[in-house]
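*Asks:* Below, each chain spelled out in residue letters.
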Amino acid sequence: MKFSDQLEQRFSTMVTHYPTKRSVLVPMLLYIQDEVGALTDETIHEIAQRTDLSDLEVRNVISYYSMLRTRPVGKYNLQVCTNVSCLLRGADDIFEHCKKKLGIGNKESTPDGLFHVEEVECIGACCWAPALMMNYEFHENLTPAKIDELIDGLKKKEEQ
Amino acid sequence: MAYLVSHPDEVKVVSKHFGMGATNLDRYLELDGYKAVQKAISMGADAIINEVKASNLRGRGGAGFPTGLKWSFVPKQSAKPKYVLCNGDESEPGTCKDRLIFEHDPHAVIEGVMIAALAVGAKSGYIYLRGEYRYLLEIMEKAVADAYARGFIGKNIFGSGIDLDIFTHSGAGAYEVGEESALMESLEGKRGVPRIRPPFPAVVGLWGGPTVINNAETLASVPHIILGGGEWFANLGTPRNGGTRLFCLSGELEKPGVYELPMGYNLKKMIYDVSGGMTKGRNLKGVVPGGSSVQILTPDEIDVAMDFDSMMKAGSMLGSGGVIVLDDQMCIVRFALRVTKFYQHESCGWCIPCREGTDWMKKTLTRFHSGGGVAKDIDNLKYLAENMLGRTFCPLGDAAAMPIISYVQKFRKEFEDHLDGRPCPYEKAAEPALV
Ligand SMILES: Cc1cc2nc3c(=O)[nH]c(=O)nc-3n(C[C@H](O)[C@H](O)[C@H](O)COP(=O)(O)O)c2cc1C
Ligand code: SF4
Ligand code: FES
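Residue numbers (the working numbering), protein chains in the order written: chain R, 27 to 186; chain V, -1 to 433.
Check the hints yourself; a few may be wrong.
Mimicking SDA-like on lysine to any residue, the simulated pairs with C-alpha atoms at most 25 angstroms apart in a straight line are [what the hints assert, rightly or not]: (1) V/K188 <-> R/G63; (2) V/K253 <-> R/A171; (3) V/K380 <-> V/R420; (4) V/K253 <-> V/D301; (5) V/K140 <-> R/H43.
What the hints contain is simulated information worked out from the structure, not anything from laboratory work.
Excised from the complex, chain R in its bound form (with noise of 0.2 angstroms):
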């Protein structure tokens, strides 16, 4: 398998900044993560021979970390944080706001496999709670209404 040309760049640069070769794993994970969509049998292999690793050591790395996944999830992932100082503002609610409106449970996509939904831990938004990520992006001092325009807009992008 080949890497993209960013890719590329990326571990090449990373890998002569590190003492041992495994130690770019959990960033370089995430971003073919990002790219790929998911980290499929192909590209763990791949990193796996990269680092001098097995197969099986970089599966057991990419099961520790919650961002680290092995199947896609909608193109847009709707992270909810429901702990504590979200749930003082209304979390709760939140969180149900988006299950309702797109029609899906926890960890699950929409069948368009445009949408995922999540509830997760702090995300560091805590004086802007509550508090979502879209993919990478912030979403701070949520409305039902504000869920509303964020996934309104996002369809209606689709559309076009």
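Assemble chain V with the ligands onto chain R, guided by the hints.
*Replies:* Here is chain V with the ligands on its own, set in the frame of chain R:
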């Protein structure tokens, strides 16, 4: 983008450059940027450590360990390379301050890492950011690249003959990785399972070399200490608790936000004055003063100084600076359940008391909150938590246990009000989905 707030009582040291465009290197230089590093080079290692000791700076990551003392544990001579590791994993519920530092003052973090490296004789520094902080990683990457382009980092920095490299590194979602030894495992490309100590990282750390690990806010304070002097910094706070702190005030408050206040600032004033008190007609129920890992304080216990020692005396901890304010619409059992669910999810599973204890507490609290509680559950929860204390490899076990003990002790009646099949009398919120 995180929002900025301000209050007249703030003393802006670490947050001095927030909102001033300091991500731009030229702007940062106008604001006396990279002067602290140059001064540190001329001072030499021992003088840097002495200045930091004199500042009474204590770790902002949670434990409050004196920073200068930590640096002094690193052996002068070492066969293996030494390292500095900046902890930007920021995952303690209630805490969102390091995010502002990375967003608004990335070069201050770089300078802090450099000065720590000069103090201990390290040639490389790593800045580890949690995976969710991608936009901040991009800001940090650019700042590092800009500093390299000017020759501020790299070979022969500022003509000193010293070589110093700085690298950024991303996590991928895991609270436990914020624990210092798990952080090193993660940086080395492994699962974030802690290491047994001793040896401590200062002696055997990254790739076996002596390693200084500090929180991002701790390191961002260092350039100011070098420029302003240890004594000046120490005097901003209370005895043995130097400087200021970024306090993250969250909950149903009129003006929640991150405020930089002197160490020892009164907690009650912080809530009622700085952040404007409760909003939506709510009343205060309790305060978790240092991130979700610490013991709760009741409204009559909050007239206290917010420094490490005073909080300890008050029966809680200053922790990460996340001040979580509970209002009377929050059920303490529900709150306990959410806290426990978090620690159960994040436990790395290595030690049995932590892995099993958090799981049993979660199961008990889930059943309890939905009306299936029996009287002995209440003491059982406390018993479970007490038996986790001090019996684990890393402090996550304690972090999961201490809050629960305090909730049961201080809000026992609320637990009892759930008994006899009664539905939660305190709120009508939807049942929690299990993570
Ligand atoms: C479970 C757990 C999670 C932690 N998470 C963080 C974190 O996200 N950021 C941080 O700076 N320190 C965290 N710490 C504290 C670190 O272990 C370490 O004490 C700290 O980074 C040292 O820096 P300091 O002396 O500047 O505070 C955590 C500790 C534990 C036990
Ligand atoms: S206390 Fe918990 S998180 Fe820490 S090492 Fe033990 S099982 Fe892992
Ligand atoms: S608790 Fe939701 S962002 Fe911190």
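*Asks:* Take the hints in turn and mark each one as holding or not.
*Replies:* Consistency of the hints with the structure:
1. V/K188 <-> R/G63: 22 angstroms, holds
2. V/K253 <-> R/A171: 21 angstroms, holds
3. V/K380 <-> V/R420: Holds, at roughly 21 angstroms.
4. V/K253 <-> V/D301: 20 angstroms, holds
5. V/K140 <-> R/H43: 16 angstroms, holds
Consistency note: the structure conflicts with none of the earlier hints.
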